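**Q** Protein chains in written order, with my numbering: chain Y, 16 to 213; chain H, 16 to 213; chain G, 105 to 553; chain D, 105 to 553.
To be clear, the hints were calculated from the coordinates, so they are not data collected in a lab.
Note that this is a predicted model, so its numbers are computed, not measured.
Using N, Cα and C, we set each Cβ at its ideal position, and we do this for glycine too.
Accuracy of the hints is not assured; some may be wrong.
A few chain H residues that face chain D, going by a derived Cβ cut-off under 7 Å, partial list only [as the list claims (entries may be wrong)]:
(1) Ala175
(2) Met176
(3) Glu202
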Amino acid sequence: MSRKADSGTGGLTASGMQGIDLGIMRRLLKFMRDAQLTELDIEMEHVKVRLRKGTSPEAGAAPVAMPAMAPMLSVPVAPVAGSVPAGAAGSLPPAGGGGAPAPAAAVAPAAGPAPVAHAGPVVKSPMVGTFYRAPSPTSPPFVNTGDVVKEGQTLCLIEAMKLMNEIKAERAGKITKVLVENGHPVEFDQVLFELEPA
Amino acid sequence: MSRKADSGTGGLTASGMQGIDLGIMRRLLKFMRDAQLTELDIEMEHVKVRLRKGTSPEAGAAPVAMPAMAPMLSVPVAPVAGSVPAGAAGSLPPAGGGGAPAPAAAVAPAAGPAPVAHAGPVVKSPMVGTFYRAPSPTSPPFVNTGDVVKEGQTLCLIEAMKLMNEIKAERAGKITKVLVENGHPVEFDQVLFELEPA
Amino acid sequence: MFRKILIANRGEIALRVIRACADMDIRSVAVHSTADTDSLHVRFADEAVCIGSPLPAKSYLNIPAIISAAEVTDAEAIHPGYGFLSENAHFAEVCESCNVAFIGPSPDAIRMMGDKIEAKRLMRKIGVPVIPGSEGPVVDEKEAVKIARSIGYPVIIKAAGGGGGRGMRIAHTDVSLSSAFLTASAEAEAAFGNPEVYIEKYFSEPRHVEIQMLGDKHGQVVHLNERDCTIQRRHQKLVEESPSPVLTPAIRKEMGEAAVRIGKAVKYTNAGTIEFLVDRDGKFYFMEMNTRLQVEHGVTETVLGIDLVREQLLIAAGEHMSLPAEPLGIRGAAIECRVNAEDPLHNFAPCPGRIQALHLPGGPGVRVDTHIYDGYMVPPYYDSLLAKVVTFGHERNEAIARMYRALGEFVIEGIKTNIPFMREVVNSETFRRGVYSTRFLEHFRLTEV
Amino acid sequence: MFRKILIANRGEIALRVIRACADMDIRSVAVHSTADTDSLHVRFADEAVCIGSPLPAKSYLNIPAIISAAEVTDAEAIHPGYGFLSENAHFAEVCESCNVAFIGPSPDAIRMMGDKIEAKRLMRKIGVPVIPGSEGPVVDEKEAVKIARSIGYPVIIKAAGGGGGRGMRIAHTDVSLSSAFLTASAEAEAAFGNPEVYIEKYFSEPRHVEIQMLGDKHGQVVHLNERDCTIQRRHQKLVEESPSPVLTPAIRKEMGEAAVRIGKAVKYTNAGTIEFLVDRDGKFYFMEMNTRLQVEHGVTETVLGIDLVREQLLIAAGEHMSLPAEPLGIRGAAIECRVNAEDPLHNFAPCPGRIQALHLPGGPGVRVDTHIYDGYMVPPYYDSLLAKVVTFGHERNEAIARMYRALGEFVIEGIKTNIPFMREVVNSETFRRGVYSTRFLEHFRLTEV
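Let's have the full structure, built from the sequences with the hints guiding it.
**A** Shown next, in the form of structure tokens:
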């Protein structure tokens, strides 16, 4: 789910796709890994690079985007993500819903939305709604990072149309990351938790 | 100068740029060379290939064009022509005026119109007008294929705005090809003769 | 006026509504399936929510997901576009119960017009002509002949339980009717397990002409003249135009008044379209009412210089429509062609795939509504509409010339489209003359492909 | 009507004329330089002739080449577009002498209006107000003061031999005028080697408003209301609109009548535009007449629903114009923004180069005229105009909202454009209010870049 400040300041600083250097991207990624960073923003006169690891698509920012949100400016992320070793601690998330729809014709085809690359198994939202980590505002969360959960254990609630839906673990494992903040909206297929198999 | 039967039957048989195989193009070119062909047309359900050697741009047909004359369908000819040995008997002419204007973005940039690739030096028309090979309808042509001409010798007339302009040889040499028929219109920069230096 | 609305649709119509929102300074929320993440409606909306997987039932027909999306984004109203949930009375009710305005008519009006028998009953009551025929199944040949004589030959016998041409028979005389009745009934039983048949007057060369109407919550109901949608292929409209080349001002007035009468009778609010069959004598008969925005609404917008989606939003927000009560003057002619991803040489088979190159037509008198772009992947899950081209002219001939020119400039590469086919249709002698029926395509032969 | 015409121009205006030809079933011949071989005007014309090398003098200004191209293609008429040879009386004469119709006014009318002093003399004769001032150079301070008192302060002193601001002085009183006269004269001599100066009334905050007019060979002359072109940068128009946000119906009528009077006085045929300066009191003064189609003609077409190029062709062919003698009713508001290949952050430096990605705006109320396409190489030889976006609205606010939306949808990658700048201009409070002068941009600051 993306919220845009302005849906069309299109094409302000027009830099061609050629300006994007995947080599530099990879070196930035390595730098991030070495420095154990989870987020890296670089903004220069003609370029703005944002890298985030394991962030939820809710943030919506395209991982690499020129200043304007022109559709053709988006970078197809799947190939880049694919070039990162599967076991890497993190990789580039895909363009969030709405931020960057149109891969330029010149670039490798990316049929359909690129899957979110997470380190391990994840728990995704089966519906649109509001995410709650606890049964009530005063209760402790169902789960926290580091918790070991059993199959069928309730992980969170998602409120949709005034109904609270319990989201349960489909398998046993350890919660390694909680990706959505309490009370925030989530969309279909959004990753809620990372879960390390038991 | 191109005359089109219909300026817009655009996009009927839609074949993407991917369909264009430069390897096949080069093999066709070799086949032509081996068979001493000057023209080769192939027309199939989804593809139309036309190769001509040393033809005048007047014909106007793009050397390789999909059935529809969609701008994006044109093939950038310069790189292909460039891959032909300079001394080859012929090579691919560029897109004539009007046939195939827009190289697709995905293809190698071809800044400006590609130069006509002729085997040797050529005599081009310095103006728009009507080409005459002889001073009068009953006279013999100024020059014929195989003639050796001196520098400054009149090669043809071009009538523009009721005036007959004599086109003279800029250097001595042998006329190896006459590319325009008597009485036909010519445009600026159109190749009139091939001239083998003396 | 609403501050934010959600568009429960995709493709060009979602983009159309988003544009109206931008023009009115209303924030827009797009919803989309996972197949439409890269769509322009997602790109150009102010916010976007993924609501489900590609199958419509899981996303664009998924009422809880759409309502939830409206709730989490604080959207005050939902525009359903056309298709999907646009004529779903239950959805309209759910919206209302969740305090989200449904941008369309009341659930009652949707339901009333969705019931064809009820709708016909109403028409008879308020004096709008319906296709003459039996009110229900016909018992035997005798009754059939009696009805046929009263409505006049030719008549068509149709299976009550089926469709698709089976169990259908056309009869021109008592004798042929008696035998046709038995055959049709037997065929209907064999095909649908139900021998019941009914009778309607048969029109061999009808035209499809519809009246656009608008009603607001203050009781104002107007009609916005007709659109002639006679050029169809298997009940799918291909070309729409206004004014109709065959309607006289008198018939236009009569049809318009009928539409307003219908609107007033059901206290209709928002945009609706009354579809009529028009016979060769200019007599018109109610077929059905579409209780939503039509695909071809741009034809009316272009010929009258108005914005129907804007009117929809005004009406849904309880404001007065911004149109005068009197019919607007027709100031030229507008024609729409639907550009579809389908192969006219192979029985119009859908052609999803990636668009490799694109050039849109432009210049004077040309409007293009499309959600495609260079590099767009046309998904296989949804209908094949790629773009709508509307041209305007001072007279019909100018609009046709511009359409022919615009389609010539319209280049889509990578997938097959019906553009060359449509170009031949608008360029055909028959179309230019303007005299044809819904069977136009049966007689039309694609000459140069 | 002509069967075939040649378009002696390039870019969007060549495409515009080619489209009009297609709409009227006239064959079109494009001419082009070697730099424009891949242009859309070459692509969409029925025939194309290369007439020379990229420099305009060698191609688009090359009269013999253009005439030859018309001769070898058997074109019956030449449309000059705007710029290049469009206001060249000699070219119009050559066309006539070669039996090719020039689609524009007579050489005499072009020449007459091209001579600014002659034109002003005519205006005085027929009672059209001109900017008050000396009729020629001013002899000394005394004469300067005398003239200044008669026309009223403030006045501006201008060098007869020059331009560009040098030798210019503004004076508000007799005293300041006397000293300003001497300084200006000295400066003029130093700068241009000519001490002669003249005096005109000075307008500090004028508006630029022009009247579109048409005359045919049957003596009918009409005006088509105004276009307000006050938003300029260094005398280059950036935004044009109709109707003007500041004109009263009474002033519009007066200006329109003045335009018709001018047209009748010179027996003007074809399209022409009278440019007026309008002061804060609504008084208007003749500045000059453009004897050709304007870049911004689409504004008038959109607001009146007409086709000016079509009228040009009808008139040139000796037919009656297809417009009524009475002024057409204004049915809304139209605004045009010029999209240029220039960098607003670097003093609007031209930015030729290859277009890497393109998305054109669309939907209701949006017209785009452009010759660019995805992959197009913008050549460095010609002006930087890439596209014209015209939006229509029932009222000015709607047209502005649609322009803001359309520019937001307009994506051009690979080269810098003024799109974000134009978007801020139309979104600015000052522009929305409608009250500003030709100095708008001096006060305008690009806030968000």
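**Q** Determine for every hint whether it applies to the structure shown.
**A** Structure-based check of all given hints:
1. Ala175: holds, 4 Å
2. Met176: Methionine 176 of chain H check passes; min Cβ-Cβ to chain D is 5 Å, inside 7 Å.
3. Glu202: holds, 4 Å
Checked against the numbered hints listed earlier, the structure breaks none of them; every hint is satisfied.
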